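Q: Residues per chain, in single letters:
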Amino acid sequence: MKLTGAQIIWETLLQQDARLVFGYPGGAILPTYDALYDYQDRIRHVLVRHEENAALAADAYARATGKVGVCMATSGPGATNLVTGLANAMMDSSPVVAITGQVASHLVGTDAFQETDVTGVTLPVTKHNYLVMDIEELPEVLAEAFYVARSGRPGPVLVDICKDVQQKSMEYTPVTSVQMRGYRAVKPMHKQDMPALLQSAADLINSAKRPVILAGQGIKAGGAHGELCELINKAGIPVATTLLGIGVLSEDHPLNLRMMGMHGEAYVNMAIAKADLLIALGMRFDDRVTGNLAQYAKNSRVIHVDIDAAEIGKNVRADVGIVGNVKQVLQEMMPLISNSSHRDWLAAINEWHEDTRSRDVLNQDLPDEMLLAPHVIRAIWEATKGECTIATDVGQHQMWETQYFQHIRNNQLLTSGGLGTMGFGLPASIGAKLGRPDDEVWAVAGDGGFQMSIPELATIVQEKLNIKIAIVNNHFLGMVRQWQDLMHNKRYSQTQMWTPNFQKLAEAYGILGLRAASQTEMRRIIDQARAHDGPVLCEFVVEPEMNVFPMVMPGKALDEMARREPAALGTGMDGVK
Amino acid sequence: MLVDHAAARHNQQKHTLVALVENKPGVLNRVASLFRRRNFNIDSLAVGTTDDPNVSRMTIVVDASRTNADLVERNLYKLVNVIDVQDVTHLPSVVRELALIKVHVASTIKRSEIKHVTDMFQSRVVDVNKDSLIVEVTGEEEKVDSILSVLEEYGIMEVVRTGRIAMVRGAARDAHEQDDMVFSGNGRAN
Numbered sequence: 001m002k003l004t005g006a007q008i009i010w011e012t013l014l015q016q017d018a019r020l021v022f023g024y025p026g027g028a029i030l031p032t033y034d035a036l037y038d039y040q041d042r043i044r045h046v047l048v049r050h051e052e053n054a055a056l057a058a059d060a061y062a063r064a065t066g067k068v069g070v071c072m073a074t075s076g077p078g079a080t081n082l083v084t085g086l087a088n089a090m091m092d093s094s095p096v097v098a099i100t101g102q103v104a105s106h107l108v109g110t111d112a113f114q115e116t117d118v119t120g121v122t123l124p125v126t127k128h129n130y131l132v133m134d135i136e137e138l139p140e141v142l143a144e145a146f147y148v149a150r151s152g153r154p155g156p157v158l159v160d161i162c163k164d165v166q167q168k169s170m171e172y173t174p175v176t177s178v179q180m181r182g183y184r185a186v187k188p189m190h191k192q193d194m195p196a197l198l199q200s201a202a203d204l205i206n207s208a209k210r211p212v213i214l215a216g217q218g219i220k221a222g223g224a225h226g227e228l229c230e231l232i233n234k235a236g237i238p239v240a241t242t243l244l245g246i247g248v249l250s251e252d253h254p255l256n257l258r259m260m261g262m263h264g265e266a267y268v269n270m271a272i273a274k275a276d277l278l279i280a281l282g283m284r285f286d287d288r289v290t291g292n293l294a295q296y297a298k299n300s301r302v303i304h305v306d307i308d309a310a311e312i313g314k315n316v317r318a319d320v321g322i323v324g325n326v327k328q329v330l331q332e333m334m335p336l337i338s339n340s341s342h343r344d345w346l347a348a349i350n351e352w353h354e355d356t357r358s359r360d361v362l363n364q365d366l367p368d369e370m371l372l373a374p375h376v377i378r379a380i381w382e383a384t385k386g387e388c389t390i391a392t393d394v395g396q397h398q399m400w401e402t403q404y405f406q407h408i409r410n411n412q413l414l415t416s417g418g419l420g421t422m423g424f425g426l427p428a429s430i431g432a433k434l435g436r437p438d439d440e441v442w443a444v445a446g447d448g449g450f451q452m453s454i455p456e457l458a459t460i461v462q463e464k465l466n467i468k469i470a471i472v473n474n475h476f477l478g479m480v481r482q483w484q485d486l487m488h489n490k491r492y493s494q495t496q497m498w499t500p501n502f503q504k505l506a507e508a509y510g511i512l513g514l515r516a517a518s519q520t521e522m523r524r525i526i527d528q529a530r531a532h533d534g535p536v537l538c539e540f541v542v543e544p545e546m547n548v549f550p551m552v553m554p555g556k557a558l559d560e561m562a563r564r565e566p567a568a569l570g571t572g573m574d575g576v577k
Numbered sequence: 578m579l580v581d582h583a584a585a586r587h588n589q590q591k592h593t594l595v596a597l598v599e600n601k602p603g604v605l606n607r608v609a610s611l612f613r614r615r616n617f618n619i620d621s622l623a624v625g626t627t628d629d630p631n632v633s634r635m636t637i638v639v640d641a642s643r644t645n646a647d648l649v650e651r652n653l654y655k656l657v658n659v660i661d662v663q664d665v666t667h668l669p670s671v672v673r674e675l676a677l678i679k680v681h682v683a684s685t686i687k688r689s690e691i692k693h694v695t696d697m698f699q700s701r702v703v704d705v706n707k708d709s710l711i712v713e714v715t716g717e718e719e720k721v722d723s724i725l726s727v728l729e730e731y732g733i734m735e736v737v738r739t740g741r742i743a744m745v746r747g748a749a750r751d752a753h754e755q756d757d758m759v760f761s762g763n764g765r766a767n
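Those protein sequences? They're chains A and B, same order as listed. The opening residue of the first sequence carries number 1 in the numbering used here; numbering runs sequentially from there. The opening residue of the second sequence carries number 578 in the numbering used here; numbering runs sequentially from there.
Since the hints were made in silico from the structure, they are not lab data. Since the model is a prediction, treat every value here as computed from it, not as a measurement. Yeah, the Cβ is synthetic: ideal placement off N, Cα and C, and Gly gets one too. Any given hint could turn out to be false.
[Unchecked claim] With a cut-off of at most 30 Å between alpha-carbon atoms, the simulated DSS-like pairs for lysine-lysine come out as follows: (1) Lys187/A x Lys707/B; (2) Lys591/B x Lys601/B; (3) Lys209/A x Lys168/A; (4) Lys274/A x Lys385/A; (5) Lys67/A x Lys655/B; (6) Lys655/B x Lys679/B; (7) Lys187/A x Lys67/A; (8) Lys234/A x Lys168/A; (9) Lys464/A x Lys504/A; (10) Lys187/A x Lys720/B; (11) Lys168/A x Lys2/A; (12) Lys601/B x Lys2/A; (13) Lys692/B x Lys187/A; (14) Lys168/A x Lys655/B; (15) Lys720/B x Lys679/B; (16) Lys504/A x Lys556/A; (17) Lys692/B x Lys655/B; (18) Lys67/A x Lys274/A.
[Claimed, not checked] In silico negatives: residues of chain B with every beta carbon more than 10 Å from chain A: (19) Gly603; (20) Val624; (21) Asn631; (22) Asn652; (23) Val659; (24) Ile660; (25) Val703; (26) Leu725; (27) Gly740.
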């Protein structure tokens, strides 16, 4: 069958079961959009309002579905606008394929109109990328792109396709297998003696008195939830999660300590600091998780399991480092693990947990008109009974989400981890709703991040997406203000923010806009929003200067946290101990 | 505990990595970009063709006092176009560097002296001019360093060194051939 390059792109997408594309047309990708006209019955294209949001939505769609997310843009500015979204997918190991148009092959290198060296620009923020100047390469390259994106440690792959390649024709037969000389999905370390490593790991686990599992996104990517559960039930080991590891184990499981790190609860970080064995599963010891590295795991042994060999020993030395899929590794290790309960260790952690409860602002008696961001998160959780997908932006509200929303389901929270991309929340909710149409989807954003992605309200309306948007408005860039408060003597340099009338803004888009400034109003509008059949924008006007605690200040050890005083209300909730 | 990247696993300061890479446009750019991005310190990088026209060979010398050679190796593997990487530092191997040295020649007597020096180093004079000549020397870096220090007194006008290339002694390494795999286009390999 003779097909044009443009048709081959859409045929490949169908073959890869990628029936949803987030994109924005333009000159160099025009032939592909022209061909799309005949594929509209089989492929849904979502027209975003900015290419960055196409990449972010594709990333979130991938996280929500486990499939590869696809985004598309034209050459030059279209492609460079994708960069932030690709970097986001790269940092969080999200499988995304980006297809960009490039100027015609005879113009490459001439500074033609809307020409940018896109493979050069995106090289450090993609797992791999391709420039296709010859149609004969196109079918294999597209198949490879999908394979590389989703295999091993997933990541974004960009395919830059010259305009004339999209226009030319060739005899097309679908590519059914990919042959790549250099690429291996999992590359073990040299001389990795698996049985000996598994035995060493099991010996450490069986003899540990105070073990803690550090569970990361690798558990999700590898589908190792069952194995994790089996391991902890057998060996009685508590689990702390990374931000992206939230949900790998239900947060109502008694052994789930919840999130660790800079804004992890104090008892979680204490447990890690006091542990004699850390078992890191599918995580990469990000600096937000470790605090001061020189103080980290000083008195504990470390087992590190990851699919990416380059992560072992990158930040934290591993006594036993195992490269592999965490599911397979745990399966093979399980018979070597003895039954244990670690009763004394769990009792000690529970004592620290009690102290945390006493400092919780929501356990304190606050007047109705004092509305805090934690109230909003908790109220959404209560109203939805925890049964929703929640996409957050980045900043204080994101950290409060981790503290006040109890995640029961796997992959319920979609959030930007490694890159910390402001503006992620709204496009992520679009990707989430399209990936999980039957789910109730909430986008939670601060007033800063939301204003970065306002144009996507139009996408939500055009695509008729029933998304509930919660803006936690403190009229500040809250997390930056918090750092200025704690580290720069309250010199609030460029963090105060004017915000528009969000109700009127919603109205302009034909979206129901609601506003609450007290706890009673908050509960009322959340109910109203949930009852409304269609998108709703809820603005919650919250206390402007509240800080997220605990906080491991930069340079401090993980258990040296700044904390809220117990019952410190009325005298300033941001009091630092 | 902090990983002490400087304390290399072996005492040897200079590590030699041999990487076989696909001979495709932009591969050198990917390798160079990796070194910059990860803040790896590289002493030298020599690239050339091999017996297979689809494969290029890179010899990379890592200063292990500043950069963990293991991490360099593992990160190189992550590049899709890298077929194989081997740290040959502790394997019996032949290690060579080639240098061209342009030396100032003040008189006929000096020219004979320089010829004498090059003979002693088993190197040769490959170009002669009225007031200069070019010496070609091949060997391990120490040998190149030595002849450079001897020739210094005559006045060195220009030097070019290729950087280290290396090859393991004995049977050919074919691990990368055995490692070749065929994947199903739709399968999620984990």
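Q: Look at each hint and say if it fits the structure.
A: Now for the hints, and whether the structure bears them out:
no.: 1; hint: Lys187/A x Lys707/B; result: violated (57 Å)
no.: 2; hint: Lys591/B x Lys601/B; result: holds (28 Å)
no.: 3; hint: Lys209/A x Lys168/A; result: violated (66 Å)
no.: 4; hint: Lys274/A x Lys385/A; result: violated (34 Å)
no.: 5; hint: Lys67/A x Lys655/B; result: holds (22 Å)
no.: 6; hint: Lys655/B x Lys679/B; result: violated (41 Å)
no.: 7; hint: Lys187/A x Lys67/A; result: holds (23 Å)
no.: 8; hint: Lys234/A x Lys168/A; result: violated (60 Å)
no.: 9; hint: Lys464/A x Lys504/A; result: holds (19 Å)
no.: 10; hint: Lys187/A x Lys720/B; result: violated (38 Å)
no.: 11; hint: Lys168/A x Lys2/A; result: holds (10 Å)
no.: 12; hint: Lys601/B x Lys2/A; result: holds (28 Å)
no.: 13; hint: Lys692/B x Lys187/A; result: violated (52 Å)
no.: 14; hint: Lys168/A x Lys655/B; result: violated (33 Å)
no.: 15; hint: Lys720/B x Lys679/B; result: holds (17 Å)
no.: 16; hint: Lys504/A x Lys556/A; result: violated (45 Å)
no.: 17; hint: Lys692/B x Lys655/B; result: violated (48 Å)
no.: 18; hint: Lys67/A x Lys274/A; result: violated (39 Å)
no.: 19; hint: Gly603; result: violated (7 Å)
no.: 20; hint: Val624; result: holds (16 Å)
no.: 21; hint: Asn631; result: violated (8 Å)
no.: 22; hint: Asn652; result: violated (5 Å)
no.: 23; hint: Val659; result: violated (5 Å)
no.: 24; hint: Ile660; result: violated (5 Å)
no.: 25; hint: Val703; result: holds (37 Å)
no.: 26; hint: Leu725; result: holds (36 Å)
no.: 27; hint: Gly740; result: holds (23 Å)
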